[in-house]
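Engineer: Starting from the known structure of chain A, arrange chain B on it as the hints suggest.
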Amino acid sequence: DAKTTQPPSMDCAEGRAANLPCNHSTISGNEYVYWYRQIHSQGPQYIIHGLKNNETNEMASLIITEDRKSSTLILPHATLRDTAVYYCIVRSPNTNAGKSTFGDGTTLTVKP
Amino acid sequence: GAVVSQHPSRVICKSGTSVKIECRSLDFQATTMFWYRQFPKKSLMLMATSNEGSKATYEQGVEKDKFLINHASLTLSTLTVTSAHPEDSSFYICSAFVGTKNIQYFGAGTRLSVL
Numbered sequence: 001d002a003k004t005t006q007p008p009s010m011d012c013a014e015g016r017a018a019n020l021p022c023n024h025s026t027i028s029g030n031e032y033v034y035w036y037r038q039i040h041s042q043g044p045q046y047i048i049h050g051l052k053n054n055e056t057n058e059m060a061s062l063i064i065t066e067d068r069k070s071s072t073l074i075l076p077h078a079t080l081r082d083t084a085v086y087y088c089i090v091r092s093p094n095t096n097a098g099k100s101t102f103g104d105g106t107t108l109t110v111k112p
Numbered sequence: 001g002a003v004v005s006q007h008p009s010r011v012i013c014k015s016g017t018s019v020k021i022e023c024r025s026l027d028f029q030a031t032t033m034f035w036y037r038q039f040p041k042k043s044l045m046l047m048a049t050s051n052e053g054s055k056a057t058y059e060q061g062v063e064k065d066k067f068l069i070n071h072a073s074l075t076l077s078t079l080t081v082t083s084a085h086p087e088d089s090s091f092y093i094c095s096a097f098v099g100t101k102n103i104q105y106f107g108a109g110t111r112l113s114v115l
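Keeping their order, the protein sequence lines are chains A and B. Just so you know, we're using my numbering here: the first sequence kicks off at 1 and counts up by one. Just so you know, we're using my numbering here: the second sequence kicks off at 1 and counts up by one.
The shape of chain A in the complex, shown without the other chains (with noise of 0.2 Å):
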């Protein structure tokens, strides 16, 4: 599976949009760009995930570039709850698949 290059932490104000980027200019064809997020002493909650397609669920938006090298994860109106590591991972759907490799993440830490 492709390798994800995160800015180790951010700040964002609370009711703002955080933006949180992540590269993988490894990508192959076949692998999604999935986002997950640790607050602490829990474990990883699915965000959302993407192929090459923008997506958008309740929680966030999902934002990959046209040659998919980057993608960007828009959540629009952050919240102190929203105070977390963000992780990006790319990985294929194969048989054996489901198991996601982690990164460092970025810290998320978003200020009143």
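In short, the hints are calculated from the structure, not lab data. Heads up, the beta-carbon is just placed ideally off N, CA and C, and yes, glycines get one too. A portion of the hints provided could be inaccurate.
Below, simulated DSS-like cross-link-like pairs (lysine-lysine); rule was C-alpha separation at most 27 Å, straight line [unchecked claim]: (1) B/LYS41 - A/LYS99; (2) A/LYS99 - A/LYS69; (3) B/LYS55 - A/LYS52; (4) B/LYS14 - B/LYS64; (5) B/LYS41 - A/LYS111; (6) B/LYS14 - A/LYS3; (7) B/LYS41 - B/LYS66; (8) B/LYS14 - A/LYS99; (9) B/LYS101 - B/LYS66; (10) A/LYS3 - A/LYS52; (11) B/LYS64 - A/LYS99; (12) B/LYS55 - B/LYS101; (13) B/LYS14 - B/LYS42; (14) A/LYS99 - A/LYS111; (15) A/LYS69 - B/LYS101; (16) B/LYS42 - A/LYS3; (17) A/LYS111 - B/LYS42; (18) B/LYS101 - A/LYS3.
Footprint (simulated), chain A over chain B, 3 or more residues, beta carbon under 8 Å [claimed, not checked]: (19) 42-50; (20) 70-76; (21) 107-115.
Quick look at which bits of chain A chain B covers, simulated, 3 or more residues with Cβ under 8 Å [as the list claims (entries may be wrong)]: (22) 40-47; (23) 100-109.
Structural biologist: Frame of chain A; chain B shown alone:
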């Protein structure tokens, strides 16, 4: 989303004892589950892939005799840390893959402290 239940959430044990951690898929069947380990301020590290009805596949460097994995049913996988020592103290997290959604869901984790 799909629910993965992990139990216990926290366990404290004496050195030399064995500890069993359960991972259940509550509303779906999981032929494959995964066990991760996480040290403080570090990312998750995959330990092993648990396959229903067959032997688990361990990642390089993970002792299979130390971390026994059993996946006897489509909804339950267990991780037993045998003869635990203080260096085994960590946060253990299980997960399961929902093929129909192409999503991996995670349990809440188990904090193991070995005294």
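Engineer: Enumerate the violated hints, using their earlier numbering and listing them in ascending order.
Structural biologist: The structure breaks hints 3, 6, 8, 9, 14, 20; every other hint is satisfied.
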